[in-house]
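Sequences listed follow chains A and B, in order. FYI, the numbering for the first sequence is 1 to 393, going by the UniProt record's numbering. FYI, the numbering for the second sequence is 1 to 393, going by the UniProt record's numbering.
Possibly wrong hints are sitting among the right ones.
Copies of the same chain look alike in the list, so a pair counts if it works inside one copy or between any two.
DSS-like cross-link-like pairs, simulated, lysine-lysine; straight-line CA separation at most 27 Å [stated by the list, open to error]:
(1) K359 / K379
(2) K154 / K393
(3) K89 / K379
Derived by calculation from the structure, the hints in this document are not laboratory data. Please read all numbers here as calculations on a predicted model, not as lab measurements.
Number of protein chains: 2
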Amino acid sequence: MVEILTKERKEDFEKVQAILYGKQTHEIKVSDEVKKLSSLYQIEVVSCGFNCKEEQLRSRRVIRVGLFQHQHPVPTSSPIKETRDATFKLAQQVIELASKGGVNVFCFQEAWNVYEKREICRLRFAHEKKTPWCEYAESAEHGPTTSYLAELAKQYNMVIISPILERDHVHGETIWNTAVVIDNHGDYLGKHRKNHIPRVGDFNESTYYFEGNTGHPVFETEFGKIAINICYGRHHPLNWLMFGLNGAEVVFNPSATIGELSEPLWGIEARNAAVANSYFTCAINRVGTEVFDHEFTSRRWKICTQKFRTFLWVQLRSCTKWVKNSCNMRSVRILPGLSRTKNGLLIAELDLNLCRQIKDHWGFQMTQRLPMYAELLNKVITPDFVPQIVTKK
Amino acid sequence: MVEILTKERKEDFEKVQAILYGKQTHEIKVSDEVKKLSSLYQIEVVSCGFNCKEEQLRSRRVIRVGLFQHQHPVPTSSPIKETRDATFKLAQQVIELASKGGVNVFCFQEAWNVYEKREICRLRFAHEKKTPWCEYAESAEHGPTTSYLAELAKQYNMVIISPILERDHVHGETIWNTAVVIDNHGDYLGKHRKNHIPRVGDFNESTYYFEGNTGHPVFETEFGKIAINICYGRHHPLNWLMFGLNGAEVVFNPSATIGELSEPLWGIEARNAAVANSYFTCAINRVGTEVFDHEFTSRRWKICTQKFRTFLWVQLRSCTKWVKNSCNMRSVRILPGLSRTKNGLLIAELDLNLCRQIKDHWGFQMTQRLPMYAELLNKVITPDFVPQIVTKK
Numbered sequence: 001m002v003e004i005l006t007k008e009r010k011e012d013f014e015k016v017q018a019i020l021y022g023k024q025t026h027e028i029k030v031s032d033e034v035k036k037l038s039s040l041y042q043i044e045v046v047s048c049g050f051n052c053k054e055e056q057l058r059s060r061r062v063i064r065v066g067l068f069q070h071q072h073p074v075p076t077s078s079p080i081k082e083t084r085d086a087t088f089k090l091a092q093q094v095i096e097l098a099s100k101g102g103v104n105v106f107c108f109q110e111a112w113n114v115y116e117k118r119e120i121c122r123l124r125f126a127h128e129k130k131t132p133w134c135e136y137a138e139s140a141e142h143g144p145t146t147s148y149l150a151e152l153a154k155q156y157n158m159v160i161i162s163p164i165l166e167r168d169h170v171h172g173e174t175i176w177n178t179a180v181v182i183d184n185h186g187d188y189l190g191k192h193r194k195n196h197i198p199r200v201g202d203f204n205e206s207t208y209y210f211e212g213n214t215g216h217p218v219f220e221t222e223f224g225k226i227a228i229n230i231c232y233g234r235h236h237p238l239n240w241l242m243f244g245l246n247g248a249e250v251v252f253n254p255s256a257t258i259g260e261l262s263e264p265l266w267g268i269e270a271r272n273a274a275v276a277n278s279y280f281t282c283a284i285n286r287v288g289t290e291v292f293d294h295e296f297t298s299r300r301w302k303i304c305t306q307k308f309r310t311f312l313w314v315q316l317r318s319c320t321k322w323v324k325n326s327c328n329m330r331s332v333r334i335l336p337g338l339s340r341t342k343n344g345l346l347i348a349e350l351d352l353n354l355c356r357q358i359k360d361h362w363g364f365q366m367t368q369r370l371p372m373y374a375e376l377l378n379k380v381i382t383p384d385f386v387p388q389i390v391t392k393k
Numbered sequence: 001m002v003e004i005l006t007k008e009r010k011e012d013f014e015k016v017q018a019i020l021y022g023k024q025t026h027e028i029k030v031s032d033e034v035k036k037l038s039s040l041y042q043i044e045v046v047s048c049g050f051n052c053k054e055e056q057l058r059s060r061r062v063i064r065v066g067l068f069q070h071q072h073p074v075p076t077s078s079p080i081k082e083t084r085d086a087t088f089k090l091a092q093q094v095i096e097l098a099s100k101g102g103v104n105v106f107c108f109q110e111a112w113n114v115y116e117k118r119e120i121c122r123l124r125f126a127h128e129k130k131t132p133w134c135e136y137a138e139s140a141e142h143g144p145t146t147s148y149l150a151e152l153a154k155q156y157n158m159v160i161i162s163p164i165l166e167r168d169h170v171h172g173e174t175i176w177n178t179a180v181v182i183d184n185h186g187d188y189l190g191k192h193r194k195n196h197i198p199r200v201g202d203f204n205e206s207t208y209y210f211e212g213n214t215g216h217p218v219f220e221t222e223f224g225k226i227a228i229n230i231c232y233g234r235h236h237p238l239n240w241l242m243f244g245l246n247g248a249e250v251v252f253n254p255s256a257t258i259g260e261l262s263e264p265l266w267g268i269e270a271r272n273a274a275v276a277n278s279y280f281t282c283a284i285n286r287v288g289t290e291v292f293d294h295e296f297t298s299r300r301w302k303i304c305t306q307k308f309r310t311f312l313w314v315q316l317r318s319c320t321k322w323v324k325n326s327c328n329m330r331s332v333r334i335l336p337g338l339s340r341t342k343n344g345l346l347i348a349e350l351d352l353n354l355c356r357q358i359k360d361h362w363g364f365q366m367t368q369r370l371p372m373y374a375e376l377l378n379k380v381i382t383p384d385f386v387p388q389i390v391t392k393k
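Could you build the full structure based on these sequences and the hints that come with them?
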């Protein structure tokens with residue numbers, strides 16, 4: 001394949017593309033109004049759709065999801081309130097834009113209205129900046145971000161997924177990494193707390209928040225059953241699996257990660273989850289570069305000598321689905337991505353009927369032998385577990 | 001990325017390559033004797049290695065694995081005995097070649113000494129050809145294939161994984177899809193029966209054999225802890241997981257599948273498993289085209305009108321590992337693949353110490369919350385399971 005990539009012949013390239021991305025998706029035309037707003041707000045728009053066969057007993061269940069990737073709108077040294085106001089303004093703009101593009105379910109990146117959480121979680125940084133940055137945390141149910149987005153959700157008839165830092169006023173005012181789901185009538189539907197918390201090198205998110213305790217909720221909306229697998233949870237196949245077993249048709253994966261850390265994984269994990277669980281996965285990441293006015297620890301336990309550091313070098317994530325297409329070839333399709341540096345909105349049209357069609361075709365659910373694995377995991381988690389190792393007698 | 005691929009500039013291509021494959025692996029030089037035998041036996045040889053840091057308390061544990069992909073050496077109409085003799089001759093050649101290349105653990109493709117099992121499992125075909133093709137099935141412990149390979153294993157000091165059709169003489173003479181492991185002293189070490197059996201369209205392998213009952217054994221050899229995830233099991237993350245939980249350092253995935261069916265998945269599933277479980281995965285597939293002298297059912301429930309059908313259009317699978325490399329970037333590395341049409345041997349040099357280094361770095365095992373999932377799966381498998389669905393109150 002590598003050899004082919006280096007050539008320039010069109011047919012070779014198309015072959016490579018088909019292997020890498022599955023059959024191409026089709027572009028969806030957007031209105032002049034969308035183009036106008038896209039230019040005015042400087043938010044790039046990409047729009048695509050997946051094909052799906054018609055069924056005899058079920059009507060098509062076509063929805064549009066909007067995946068938004070953005071950079072922080074103000075310098076990192078800005079006061080908390082000023083920053084929040086700026087992010088709210090950006091939210092208003094992109095949700096208006098998404099609405100004109102027919103979006104039904106909209107999702108922001110992880111901790112979308114906060115500075116890159118990866119940085120606030122660095123060990124040295126974490127101590128120095130914990131005040132005032134903890135002030136970003138707010139009630140999932142009644143906080144200013146949820147209240148603000150609820151108005152927009154109602155106005156634009158759109159389900160909004162809002163990943164924030166949550167302040168749990170009921171349980172000791174602890175902080176969580178939480179995705180809030182607001183329905184298209186502007187009502188708070190529920191929340192999901194990040195299940196798997198990274199501790200990698202000198203970057204330890206558990207300095208701020210702990211493993212989530214809300215299970216694997218699937219939210220039944222007017223536009224399908226949706227779930228959220230927050231950031232590092234994408235490395236855990238069991239996390240993806242449980243959302244599938246609870247009936248999710250679309251699983252969003254809002255992240256805030258850096259290309260340097262894991263970029264070669266980005267094209268693999270969410271796509272593998274789509275394949276294994278026969279649902280759509282939508283991965284979103286932060287874009288651009290953030291600059292700080294002070295030193296902080298590096299990824300390698302060294303104090304960074306540079307005063308400014310461009311730590312973000314992020315990239316597309318896109319909506320992936322394992323599909324069966326019209327010409328009788330099964331493939332993993334992936335939609336084109338967005339810019340690494342500019343604010344961008346991906347609008348994807350999905351027919352949710354595709355999920356069950358794929359299940360019926362491949363039978364992964366029927367053949368997955370869950371009782372065996374439930375029994376095995378029960379054994380694995382005991383302290384005296386003896387692995388099944390075959391040694392020479 | 002797609003835009004970049006279409007360009008021809010070298011630096012762009014290298015960037016794309018790094019994203020798609022992780023940092024490049026290094027070539028391993030093979031001797032003139034290997035080149036000579038490669039030419040004589042017409043078996044293409046590709047050889048590569050992964051880097052790994054030295055440790056203070058553990059010595060390097062460098063092994064070489066040999067992954068062999070071949071086409072059937074005689075026409076499909078050949079008698080059983082003649083076919084077996086031809087495959088045995090091929091085995092002798094490639095194992096001699098692998099030995100000269102320093103291979104310690106060698107693995108054949110799925111059902112390596114039988115015709116493409118995909119075809120013998122087609123519904124119509126299955127009935128017409130069940131006799132004489134069931135005659136291929138033999139004892140895992142004492143059958144002619146195991147006996148023949150045991151001699152080679154001893155002669156060449158090589159662990160050999162031999163995926164065959166097994167005849168279970170103890171339990172009603174049933175047939176299994178089984179991988180036999182022979183150690184480097186020529187002793188039978190154990191076997192693993194394919195855990196997940198496909199039933200896709202008119203292709204139903206359970207016409208011949210059923211879901212395996214040997215769990216997820218990991219074989220402790222002089223060259224590390226190895227396991228085998230046979231073919232369709234690669235679609236099941238729990239199958240990969242259990243091999244990891246049992247301590248596997250290298251998991252082989254011998255397959256016999258067609259590109260038309262699932263090629264866009266080939267670069268995803270085994271790599272995702274390597275990432276999630278911090279072990280090496282080695283995927284092998286059948287190559288070339290097989291031609292039959294009679295009609296058989298197609299994948300779409302239609303009788304094929306062609307007398308001959310080229311059903312195989314297969315491709316590389318290669319050894320994948322999630323590695324941390326010397327220049328401080330984490331990546332999924334994948335080795336170059338082999339030809340789709342010619343017999344080929346991939347020799348990969350691995351330092352098994354890398355597995356634990358990766359675990360210590362990323363902490364996926366520590367953060368995977370198995371007790372939660374064991375509890376959840378116990379609930380899921382009950383007939384009255386109520387999924388965690390949040391609906392509006």
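Hint-by-hint comparison with the structure:
Within a single copy, K359 and K379 get their C-alpha atoms only as close as 29 Å, which misses the 27 Å cut-off; across copies the closest is 21 Å, which meets it. For the homomeric pair K154 and K393, the shortest alpha-carbon distance between copies (17 Å) is at most 27 Å, but the shortest distance inside one copy (69 Å) is not. With identical chains, the CA atoms of K89 and K379 are never at most 27 Å apart, being 52 Å at best within one copy and 44 Å at best between copies.
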